[in-house]
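Q: Protein chains in written order, with my numbering: chain S, 1 to 361; chain U, 1001 to 1374; chain C, 2001 to 2160.
In short, the hints are calculated from the structure, not lab data.
Mixed in with the good hints there might be a few duds.
[Unchecked claim] Below, a sample of chain C positions facing chain U; criterion: calculated Cβ distance under 8 Å: (1) Gly2014; (2) Thr2114; (3) Pro2151.
The structure presented is a predicted model; accordingly, all values stated were derived computationally and were not measured.
Beta carbons are placed, not taken as given, at the ideal position from N, Cα and C, and that holds for glycine.
Chain by chain, the residues:
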Amino acid sequence: MILSFQFSDITKWIHDSLSGMMSPGWTLFSEFVLAGIAMILLVVALAVILVYMERKVAGFMQLRIGPNRVGLWGSLQVFADVFKLLLKESFAPNSVDKFLFNFAPILVLAVSFMALAPISYGPGMQLWDANIGILYVTAVSSIGVIGILMAGWSSNNKYSLLGAMRSGAQIVSYELSAGLSIVAVIAMCGSLSVSEIIASQADGWWVFKGHLPIMFAFVIYVIAGTAETNRAPFDLAEAESELTAGYHTEFSGMQFGMFYLTEYINMVVISMVAATVFLGGWLPFHIFGFDAFNNIMDYIPSFVWFFGKVFFIIFLMMWFRWTFPRLRIDQLLKLEWKYLLPLSIINIVIVAFITVMGWHF
Amino acid sequence: MENKNTALPNDLTEEFVVNIGPQHPSTHGVLRLQATLDGETIKDILPHLGYIHRGIEKMCESLGYKQFIYLTSRMDYLSAHINNQACSLAIEKGLQIEIPPRAKALRIIMAELQRLTSHELWWGSCAMDLGAVTPFFLAFRDRERILELFEENTGNRLTMNYITPGGVMFDVLPSFVHKLKELLVKVKGYLKEYDTLITGNIIFQHRLKGVGVLPKELAISLGCTGPVARASGVSCDVRKYYPYDGYDKLDFKEVVFDGCDSWSRYLVRMEEIRQSIHIIEQLLDNLPEGEFRAKLKGIVKLPVGEYYQRVETARGELGVYIVSDGGNKPYRLKLRAPNFSNLGAVRPITIGSKIGDLMASMATIDLVIPDIDR
Amino acid sequence: MRSLIQYIKEVVLGFYSLIQGLMLTLKYFTRPWKNIVEQYPENRSTTINIPERFAGEVVLPHDENNRHKCTACTLCEMACPNGTIKIISATIETEDGKKKKVLDKWVYNLGMCTMCAQCIDACPQDAITMKNSFELSVYDRNQLIKVLNKPGSKLKEKES
């Protein structure tokens, strides 16, 4: 490694200096605070990059340049948008359910933050190394559905409720396929813990080691992940050219900003899980036997590898959005229950067979 | 109250009246659709018109025969040349003059190019209504090339006022034929891209097949014309049945499909683009030389009588009916707009379906609202 | 069995059609030089292309001796559909004592003009043309009413 220190050296130094200054209880507390601040900074940085990336990618695919007037190459456009959202008045209509209305955006945002905890960004760079890491991420993402339903119900608007119901049904259905795809890799690897999954890919990423069934599972996971985050082509619940804007019609100002941010963070979470489970996490790309190539690949720092993979999958999701028309809600659910789910189940059976027989690399 | 845990009986769910428009990204203009919805199923639709009524027919009664042509470009502004052609032909019928062959050929070329641009814009906005935004930009890029040609030769891009009684206003530039030939080659390439991106796309096909079925008898009884009727099996192309300006000497097919649903309407228009390219190619090869305009008097006076002329715009059959009392202004000008009759098809085909299907049906009926309200 | 084959065929063909669409978008993404954006205010002197015949506004061309060709016959005023043109003429005495009508002011209301070119069509002396200027907005609506003949200009006599 060109960086001759590990991230765990930094954490050890912080821990030592803090415990030298205060009692163990306070040390733990201040470490929590520092971790929280680091997480928030990461999320903010990611959101800024993602919003800019979305607009630029959309522009280039549509034969035009994206924003290019505000700042050099439009880089300050995101800040201008955020500033505008902050200045807007976040009002609530009279007859809404006040507690749920104000709580819904906070819930969805908090859930997205929570899902970022067990992901490993580099060797030793992990907030919480639980032995059920992947299960935790999937479980916590499901709580987001409650937030969406709360938003739709409390708006006291028949069409918001309709949009929220549709969105809820969509997310709940697609979680099945997404979960089953991850189970395929977990069956081969044998552990739910994030660091162990990454360690088991030291001799090659699962997408290559597990050949056909895992590649198939990867494709299904990307499709199901796009549907879980309510992005096109599955975004009927919030489509602009349909009747209403879905469950977040009645929110404005920063409350809408929180829903908007949540959509991007959800996309990031899905991509991070896919990068960890299928594409090897922060491990570089090694070809078995080419040692010189492998040494060159090792020079690139591991978090660059990780974020490179994450942005690749995010680019895939943006690519889908700007190419395909929207599916109708019944076609969407039909796709899941009649096509993706049976194929996932057959895939799982094949993977179980292959694992038992040892026919993977 | 009885047991509250059972599902509500049907007469306790309300029907909700909601307005779609007049400002809405999908209604292609200012049209207000008052929809009575039951949950998500549409029970009734009532279109409210008149938001863009400008009184074109009445204004034409105070203008001379050569002067009111510019107003008719603004009716169905995506078929501007064809509207001008209709009025010019009606006036020439009254004056009983013969226009030179070069003018006829130029008129047909401009009209078919206009049909091309109109269908390209329809394609872009149809894809956008269904959720894909990229084809919109592609369609406008392609349309730009043709509009550049219009701008160089006629002076304007949208309301050209180029076809006038007697022929055309100016002669085309010498580079017109050459540039148009290059452009047609490019347009054929664009059509391949359109097929890859949208026509072959399975999501798009599923969104349009079986949606918005308009049976043949209903199409005839509502008076629908144009691609809407031709997709239901009604053969009604004015260029074939009542040819004008030399269409009878050209070789092109009338595109009729039998599917009656939105997918057939889509296919009819895509095939019409190919037929338009074929027509233009035939004319470009042997463009007659000569005059581009027959001489008319300074003040045009039509003899007493009634004159009717019908043409095929990009959306259907446009009829121009002039009643003249011998003076230099028309006594009454009536325009039979194709979109007005096609609007009548919106209600029967969307009742009983969902809102998403309403958008798909409206996208393929392809209304231009200023034509309805004139 | 038939339905199973149908199912698999549908999945594979559907997937293939989606991949083709994706390839097309990727083609445009990786070729940014094909984009059609014109950087408008910066390219006023470089790449902008306004054709000759573009109907921007009506002008009365004067030659190098400040002479125009308009004889104040008011045919253009009668041909204009919505009253954009007003010809104000004056009678002067020529050298041999005859009274002649000449042009005093050629008033043109740019705010009402529809660029239909009927006036240019009607003029028997080809005195007016369309110019392809396009940046014509002003802040004060009265500035849109223009007088097209320059002060001190005279009619260009026909060479006999």
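Q: Against each hint, give a clear statement of whether it holds in the structure.
A: How the hints compare with the structure:
1. This hint holds: Gly2014 of chain C has a C-beta 4 Å from the nearest C-beta of chain U, less than the 8 Å allowed.
2. At its closest, the beta carbon of Thr2114 of chain C sits 6 Å from a beta carbon of chain U; the interface hint therefore holds under the 8 Å criterion.
3. A distance limit of 8 Å between C-beta atoms decides the matter here; for Pro2151 of chain C the minimum to chain U is near 29 Å, and the interface restraint is violated.
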